[in-house]
Amino acid sequence: MTLLTQGHAVTEEARNRRFGPLYSRNARAVIGRGLMATKSSNWMVMLSGFFEPVLFLISMGVGMGAVVGSVAGPGGQEISYAAYIAPALLAVSAMNGAVYDSTWNVFFKMNFAKLYQGMLYTSLGPLDVAIGEIFLALLRGLLYATGFTAVMGLMGLITTPWALLMIPASVLIAFGFASFGMGITSFMKTFQQMDWVNFIMLPMFLFSATFYPLSVYPEYIQWLIQAMPLWHGVELLRQISAASFTPATAIHVGYYLVMIVLGLMLTTGRLRSLFLK
Amino acid sequence: MPANETGPERDKEPAAPRYVITAENLTKTYGDVTAVDGISFSVPAGESFGLLGPNGAGKSTTMKMIGGVSQRTSGNLTIMGLDPEQNGPEVRAHLGVVPQQDNLDEELKVRDNLLVYGRYFGLPMSYLKPKADELLEFAQLTDKAKSKVDALSGGMKRRLTIARSLINEPRILLLDEPTTGLDPQARHILWDRLFRLKEQGVTLILTTHYMDEAEQLCDRLIVVDKGRIMAEGSPAALIRDYSTREVLELRFGSERNASIGAELEGIGERLETLPDRVLIYTHDGEAALEEVSARGLRPLTSLVRRSSLEDVFLRLTGRSLVD
Numbered sequence: 329m330t331l332l333t334q335g336h337a338v339t340e341e342a343r344n345r346r347f348g349p350l351y352s353r354n355a356r357a358v359i360g361r362g363l364m365a366t367k368s369s370n371w372m373v374m375l376s377g378f379f380e381p382v383l384f385l386i387s388m389g390v391g392m393g394a395v396v397g398s399v400a401g402p403g404g405q406e407i408s409y410a411a412y413i414a415p416a417l418l419a420v421s422a423m424n425g426a427v428y429d430s431t432w433n434v435f436f437k438m439n440f441a442k443l444y445q446g447m448l449y450t451s452l453g454p455l456d457v458a459i460g461e462i463f464l465a466l467l468r469g470l471l472y473a474t475g476f477t478a479v480m481g482l483m484g485l486i487t488t489p490w491a492l493l494m495i496p497a498s499v500l501i502a503f504g505f506a507s508f509g510m511g512i513t514s515f516m517k518t519f520q521q522m523d524w525v526n527f528i529m530l531p532m533f534l535f536s537a538t539f540y541p542l543s544v545y546p547e548y549i550q551w552l553i554q555a556m557p558l559w560h561g562v563e564l565l566r567q568i569s570a571a572s573f574t575p576a577t578a579i580h581v582g583y584y585l586v587m588i589v590l591g592l593m594l595t596t597g598r599l600r601s602l603f604l605k
Numbered sequence: 077m078p079a080n081e082t083g084p085e086r087d088k089e090p091a092a093p094r095y096v097i098t099a100e101n102l103t104k105t106y107g108d109v110t111a112v113d114g115i116s117f118s119v120p121a122g123e124s125f126g127l128l129g130p131n132g133a134g135k136s137t138t139m140k141m142i143g144g145v146s147q148r149t150s151g152n153l154t155i156m157g158l159d160p161e162q163n164g165p166e167v168r169a170h171l172g173v174v175p176q177q178d179n180l181d182e183e184l185k186v187r188d189n190l191l192v193y194g195r196y197f198g199l200p201m202s203y204l205k206p207k208a209d210e211l212l213e214f215a216q217l218t219d220k221a222k223s224k225v226d227a228l229s230g231g232m233k234r235r236l237t238i239a240r241s242l243i244n245e246p247r248i249l250l251l252d253e254p255t256t257g258l259d260p261q262a263r264h265i266l267w268d269r270l271f272r273l274k275e276q277g278v279t280l281i282l283t284t285h286y287m288d289e290a291e292q293l294c295d296r297l298i299v300v301d302k303g304r305i306m307a308e309g310s311p312a313a314l315i316r317d318y319s320t321r322e323v324l325e326l327r328f329g330s331e332r333n334a335s336i337g338a339e340l341e342g343i344g345e346r347l348e349t350l351p352d353r354v355l356i357y358t359h360d361g362e363a364a365l366e367e368v369s370a371r372g373l374r375p376l377t378s379l380v381r382r383s384s385l386e387d388v389f390l391r392l393t394g395r396s397l398v399d
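Protein chains in written order, with the working numbering: chain H, 329 to 605; chain Y, 77 to 399.
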């Protein structure tokens, strides 16, 4: 038997790479693992995440739309009700995809599959794991957003080429939710605690000016909604869909950039204290 | 093959440190609990080094500190000349780790587990594919390559975990209770595999609470209890220093075991009374047994055996290893 523990130049090379204390520039290995695992499972869950907003768009947009008629769009122009809620639903689907991947999936991998424990016994650092997992969440967000945008196109709800920018903007939204979601999940110990995630997500979905404008609320509620991340996503995509850009567009984008940075710091710090204690 | 080319090469390397692991006054506390209480040891390259002790002795905590996944409270620790806390990923690039509980990737198939794990070390697929097949062969899992991890028995999972830990050709292999929970046959297969690794010059660091495992696999070991080192040496030397050559085990039934001590006084060198049996330490077990009969004592069962590390542990701590 000629096994094994010395002699291959590549293993020496791999040992002599440059490493940081938290990062070994190998997040792609975590991504590769995620893709391989997805190939063999998870397809139904992935599909259901895509269909949910599509079903909402059909029932609310087409059904309710027949009753509501047309409404005022972001630039004040008249648009169909379906065209009004479609970008909002896209923002919701970006959020859902990212949150599912970064909360339930991460919770399971952390507490039951002991996946991260195994990863951190290799030359991976916690930042490699965080970046890899978040990237996977974004990839899912990208797929959902692309699919949903295609559905919008088929339903005749896309009227400007600018609307294609909704796809990268959805990825930005997903990034914000995923980086935070993973950090928050690291505090969760039981399934009951995981239900709190739904407890926050559902009201955010229903009340973030998704189905009607913010102006229906009294002012203090408006402030509350505007502090929430989903509202910024809804507004951002709604503006893009109508190619109606204002200084507020930059604020929405900035909100997510800050969310991403804070989320990554939180997640890396938490992974470090959880697994390198 | 590579082994032949590199064997003599390695001896010429002057830069290699003499000790691959050095621990000085290593201490770990969790709140009020001191899990590891100032232990010191050094392990030279190629040695098979054991940490023997009961559950809760601080063995796993020590292993985690070596792997850089647990931070020490005080003391010094260097692995391949590096501090695992400052250079976690770099230190772990040299290690293969077999944790106490298998943490195989259940979402991946058997062979994919090896490939993906190798990717975590930054290794290319062109190296990993033949390597994975080689390791499956080593772990006797070739025909399970495409199975799901779920479908494997406990022993197979353990072997896969060990195969996985070898994917990066580690200099040091950390094995935390490698055979706990396995049936005797599975244990023997595993010991055989580990012995082959040892023959190939891999440094093995092994924790166990099985004395037979320690005797089979360890060149040298430390006996650990309550976070402290009680004794250090080769299995044979420890037995020589802390026990007699043979042991006579007598069972008089649970009621009489405790009271029989006085009647056995003077037989052998030392007497140890346990709840279920009485142990007489002596150089000649048969002679001691004759003496017992001569005193008119009739044990229910009697057994003469060689001293083991279990006896060393009993002597050092007054308790048995496996409760």
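Think of the hints as simulated: they come from the structure by calculation, not from any bench.
Warning: the hint list may mix true and false statements.
What the hints assert, rightly or not - Part of the chain Y face toward chain H, derived, beta carbon under 10 Å:
| no. | residue |
| --- | --- |
| 1 | ASN163 |
| 2 | LYS205 |
| 3 | HIS359 |
To be verified - Using 25 Å as the maximum straight-line C-alpha spacing, the simulated SDA-like pairs for lysine to any residue come out as follows:
| no. | chain 1 | residue 1 | chain 2 | residue 2 |
| --- | --- | --- | --- | --- |
| 4 | H | LYS442 | Y | ALA227 |
| 5 | H | LYS367 | H | VAL499 |
| 6 | Y | LYS233 | H | THR366 |
| 7 | Y | LYS222 | H | MET522 |
| 8 | Y | LYS224 | H | MET364 |
| 9 | H | LYS517 | Y | VAL145 |
| 10 | H | LYS517 | Y | LYS205 |
| 11 | H | LYS442 | H | MET522 |
| 12 | H | LYS442 | Y | GLU182 |
| 13 | H | LYS442 | Y | ASN179 |
| 14 | Y | LYS224 | H | VAL581 |
| 15 | H | LYS367 | Y | THR256 |
| 16 | Y | LYS205 | H | HIS336 |
| 17 | H | LYS442 | Y | GLU253 |
| 18 | H | LYS517 | Y | PRO351 |
| 19 | Y | LYS233 | Y | THR256 |
| 20 | H | LYS442 | Y | LEU258 |
| 21 | Y | LYS222 | Y | MET201 |
| 22 | Y | LYS185 | H | VAL499 |
| 23 | Y | LYS205 | H | MET522 |
| 24 | Y | LYS205 | Y | ASN179 |
| 25 | Y | LYS220 | H | ARG343 |
| 26 | H | LYS442 | Y | LYS274 |
| 27 | Y | LYS274 | H | ARG343 |
| 28 | Y | LYS185 | H | ARG345 |
| 29 | Y | LYS185 | H | MET522 |
| 30 | Y | LYS205 | H | ARG345 |
| 31 | H | LYS367 | Y | ILE265 |
| 32 | Y | LYS274 | H | VAL338 |
| 33 | Y | LYS274 | Y | LYS302 |
| 34 | H | LYS367 | Y | VAL145 |
| 35 | Y | LYS185 | H | THR366 |
| 36 | Y | LYS224 | H | ALA441 |
What the hints assert, rightly or not - A few chain Y residues facing chain H, derived, Cβ under 10 Å:
| no. | residue |
| --- | --- |
| 37 | GLY143 |
| 38 | GLU166 |
| 39 | LEU180 |
| 40 | GLU182 |
Note that CB positions come from ideal geometry on N, CA and C, so glycine has one too.
Results of checking the hints against the structure:
{"no.": "1", "hint": "ASN163", "verdict": "7 Å, holds"}
{"no.": "2", "hint": "LYS205", "verdict": "12 Å, violated"}
{"no.": "3", "hint": "HIS359", "verdict": "42 Å, violated"}
{"no.": "4", "hint": "H:LYS442 x Y:ALA227", "verdict": "18 Å, holds"}
{"no.": "5", "hint": "H:LYS367 x H:VAL499", "verdict": "22 Å, holds"}
{"no.": "6", "hint": "Y:LYS233 x H:THR366", "verdict": "22 Å, holds"}
{"no.": "7", "hint": "Y:LYS222 x H:MET522", "verdict": "34 Å, violated"}
{"no.": "8", "hint": "Y:LYS224 x H:MET364", "verdict": "13 Å, holds"}
{"no.": "9", "hint": "H:LYS517 x Y:VAL145", "verdict": "20 Å, holds"}
{"no.": "10", "hint": "H:LYS517 x Y:LYS205", "verdict": "38 Å, violated"}
{"no.": "11", "hint": "H:LYS442 x H:MET522", "verdict": "18 Å, holds"}
{"no.": "12", "hint": "H:LYS442 x Y:GLU182", "verdict": "10 Å, holds"}
{"no.": "13", "hint": "H:LYS442 x Y:ASN179", "verdict": "6 Å, holds"}
{"no.": "14", "hint": "Y:LYS224 x H:VAL581", "verdict": "44 Å, violated"}
{"no.": "15", "hint": "H:LYS367 x Y:THR256", "verdict": "34 Å, violated"}
{"no.": "16", "hint": "Y:LYS205 x H:HIS336", "verdict": "13 Å, holds"}
{"no.": "17", "hint": "H:LYS442 x Y:GLU253", "verdict": "18 Å, holds"}
{"no.": "18", "hint": "H:LYS517 x Y:PRO351", "verdict": "41 Å, violated"}
{"no.": "19", "hint": "Y:LYS233 x Y:THR256", "verdict": "12 Å, holds"}
{"no.": "20", "hint": "H:LYS442 x Y:LEU258", "verdict": "21 Å, holds"}
{"no.": "21", "hint": "Y:LYS222 x Y:MET201", "verdict": "17 Å, holds"}
{"no.": "22", "hint": "Y:LYS185 x H:VAL499", "verdict": "31 Å, violated"}
{"no.": "23", "hint": "Y:LYS205 x H:MET522", "verdict": "39 Å, violated"}
{"no.": "24", "hint": "Y:LYS205 x Y:ASN179", "verdict": "21 Å, holds"}
{"no.": "25", "hint": "Y:LYS220 x H:ARG343", "verdict": "30 Å, violated"}
{"no.": "26", "hint": "H:LYS442 x Y:LYS274", "verdict": "29 Å, violated"}
{"no.": "27", "hint": "Y:LYS274 x H:ARG343", "verdict": "21 Å, holds"}
{"no.": "28", "hint": "Y:LYS185 x H:ARG345", "verdict": "29 Å, violated"}
{"no.": "29", "hint": "Y:LYS185 x H:MET522", "verdict": "29 Å, violated"}
{"no.": "30", "hint": "Y:LYS205 x H:ARG345", "verdict": "21 Å, holds"}
{"no.": "31", "hint": "H:LYS367 x Y:ILE265", "verdict": "34 Å, violated"}
{"no.": "32", "hint": "Y:LYS274 x H:VAL338", "verdict": "22 Å, holds"}
{"no.": "33", "hint": "Y:LYS274 x Y:LYS302", "verdict": "29 Å, violated"}
{"no.": "34", "hint": "H:LYS367 x Y:VAL145", "verdict": "31 Å, violated"}
{"no.": "35", "hint": "Y:LYS185 x H:THR366", "verdict": "12 Å, holds"}
{"no.": "36", "hint": "Y:LYS224 x H:ALA441", "verdict": "14 Å, holds"}
{"no.": "37", "hint": "GLY143", "verdict": "6 Å, holds"}
{"no.": "38", "hint": "GLU166", "verdict": "4 Å, holds"}
{"no.": "39", "hint": "LEU180", "verdict": "8 Å, holds"}
{"no.": "40", "hint": "GLU182", "verdict": "6 Å, holds"}
Checked against the numbered hints above, the structure breaks hints 2, 3, 7, 10, 14, 15, 18, 22, 23, 25, 26, 28, 29, 31, 33 and 34 and satisfies the rest.
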